[in-house]
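In order, the protein sequences belong to chains A and B.
Residues 1 to 100 in the working numbering are what the first sequence lists, from first letter to last.
Residues 101 to 241 in the working numbering are what the second sequence lists, from first letter to last.
Since the hints were derived computationally from the structure, they do not count as laboratory data.
We treat Cβ as the ideally placed atom computed from N, Cα and C, and that holds for glycine.
Take these hints with a grain of salt, some might be off.
[What the hints assert, rightly or not] For each label pair, taking beta carbons as the anchor points, the in silico distance ranges come out as:
#1 A:Ile37 with B:Ile148: 35 to 45 Å
#2 A:Glu58 with B:Asp191: 35 to 45 Å
#3 A:Met94 with B:Arg167: 48 to 58 Å
#4 A:Ile37 with B:Ala129: 47 to 57 Å
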Amino acid sequence: MNEILRINPVEIGELTSRAPRPPSTSGSFGEVLADAIRSVDGLQHESEAAQSQWAAGEPVDLHDVLIKIEEADLAFRTMMEVRNKLVDAYREVMRMGSGG
Amino acid sequence: MSLQRAFAIAASGLTAQRTRMESVASNLANARTTRTPEGGPYRRQAPIFVSQPLTNNFDDMLGSSLRAVRVDSVATETMPPILRYEPGHPDADESGFVAYPNVDPVREMIDMLSATRSYEANVTVVRGVREMSGAALEILT
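Bound conformation, chain B alone (with noise of 0.2 Å):
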């Protein structure tokens, strides 16, 4: 049914802003944090993208263009930690100076009010495949 290809991609464009969300969760909750198991403060965690076929069957690759989006790895940004004068805190190197995330919460909400409306659109795209699909069955009524 061609209809569940629609059903598809916007699926796979709900799971690609979840996990936009989970990175911005990831990096409010790690906003302060100076400690990590790789050593050094917290890094702001990014998602990457990619378009990807629908399908691996390869005559339906070359007859549609259509595109799903897959969450191709979750990158570490590699901007510099944001340096704080506090002598004393336990992390704080020998001149003083403590290295936070460099984090910023406006950002973040940002890109979480945008994660939440880039998710109902994809939801709105869902309800409209359903409403496509049940005005094709009042064909037959």
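Okay, chain A solo, but in the shape it has when bound (with noise of 0.2 Å):
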């Protein structure tokens, strides 16, 4: 019982000390939206250059050729369903002054 009672309560500076922090390198929110969205940019490349060196004959595989449009194109959704979530959450904070 003793034991159970001898531990330290936790203070409020500890707690937020411990609360996640974005990585330094990420910086703002803003920042990190841009690398996202580049990161999508870039697989949409890949998968058109991936696309035209099969048009062009060139001796690449038809599956990776695919692959690579279907990962550009699940990136591409992802990118679309947080900036869905973001135009909402805008939308709701917009409606706010209007007493809605």
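Could you use the hints to bring the two separately framed chains together as a complex?
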């Protein structure tokens, strides 16, 4: 029983210092978003490059081309879902003022 | 994105089975070939597969036992050629025997079916991964 009581009370300062912080490299939310969009764009470019290589008759595997297309599509759809969520949140905030 | 790893592994499997199909095509096309640049009859080709870690990243290699497949080489089999007695053939030896490739069309057909089915299995994995990621996107909607 005594052992349990001796546990230090958790202080507010301790909690806040332990709170997860974004990695220092990622910077602001806008930068994170821009990075994400850039990586989606990179996948799109990869997919396009693979498609034109295939069309030009270069020795690329058809399944590699299709998987690249699929990856780019998946990344794009994920980005769109995030974007829709953001726009929803924005509209929600904008409606606050009108007393709705 | 970790689902990309599944894509990459399945893609390596597709490439491996495609290589297998190519060697089947080569073997069947050359089933009666008696002349090669190396001399002698054609010899059966068989791809050798080797599993390899998914990335060159050392941390990932330590943390994951996932392996993609890679075509190590396409090996030439050393089975002795089949000798047929055809004295009129230009490639017959002095006793009238022609060395034909040791390619069994039945065996090649079975190999071809196996490669096709394995390819389909890998395509099914890709489809499954796509369905999983589609289901994950449903979370937000």
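Hints, verified against the model:
1. A:Ile37 with B:Ile148: 35 to 45 Å: holds, 43 Å
2. A:Glu58 with B:Asp191: 35 to 45 Å: holds, 38 Å
3. A:Met94 with B:Arg167: 48 to 58 Å: 51 Å Cβ-Cβ, so the 48 to 58 Å window holds.
4. A:Ile37 with B:Ala129: 47 to 57 Å: Cβ of Ile37 of chain A to Cβ of Ala129 of chain B: about 49 Å, so the range 47 to 57 Å holds.
Every hint, counting from the list given before, is met by this structure.
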